[in-house]
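Between the sequences and the hints, there should be enough to build the whole structure, so can you do that?
Residue 0 is where the sequence shown starts when you use numbering that gives the first Met the number 0, and the numbers rise one by one after that.
FYI, nobody ran anything at the bench for these hints, they're computed from the structure.
Any given hint might turn out to be false.
Restraint-style ranges between C-beta atoms, simulated for each label pair [as the list claims (entries may be wrong)]:
(1) S92 x A28: 38 to 48 Å
(2) A25 x A94: 38 to 48 Å
(3) S92 x G72: 28 to 38 Å
(4) A28 x F49: 19 to 29 Å
Note that CB positions come from ideal geometry on N, CA and C, so glycine has one too.
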Amino acid sequence: MKITKKTSEASVMGMVFYVVAVIFLAIAAFQIYQAYTYIAYQSTAYELTFVDSLSVYIQYCSSYFAFAFIAYGIGNLIHRVSFLNNTLADMMSDAAKEQETEEKVSAEE
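In structure tokens form, the structure reads like this:
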């Protein structure tokens with residue numbers, strides 16, 4: 000498989016989305032800590048139920064996990080499409096070479 004400029008651009012774009020996904024996961028981890036400190040502070044003043052605590056965690060973290068999942072999915076999709084594109088290009092190149100070889104053989108006969 001030849002590495003072309005389009006292939007390397009697709010690889011870079013895929014890696015960018017993977018990095019963005021990791022950044023969103025790091026932010027989500029920080030938000031989990033923030034939710035924990037908020038719940039600890041609120042539990043001293045108020046009586047909190049499990050549902051209240053769960054609601055705070057979901058409110059603080061769910062969007063970042065969703066963004067990380069979406070960014071990872073886009074990066075994965077870019078890599079798969081790039082691989083499929085390269086595979087099809089290689090197959091077309093091989094078919095063209097086979098056709099040239101067959102034409103040379105039939106011309107020699």
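(request) Could you tell me whether the CB distance from A25 to A94 stays inside 38 to 48 Å? (result) Cβ of A25 to Cβ of A94: about 46 Å, so the range 38 to 48 Å holds.
(request) Starting from the hint 19 to 29 Å, judge whether the C-beta atoms of A28 and F49 obey it. (result) Given a distance of about 22 Å, which is inside 19 to 29 Å, the answer is holds.
(request) For S92 and A28, compare the CB-CB distance with the range 38 to 48 Å and indicate the outcome. (result) holds (46 Å)
(request) Given the range 28 to 38 Å, decide if the beta-carbon distance of S92 to G72 lies inside it. (result) holds (30 Å)
The structure fails none of the hints (numbered hints given earlier).
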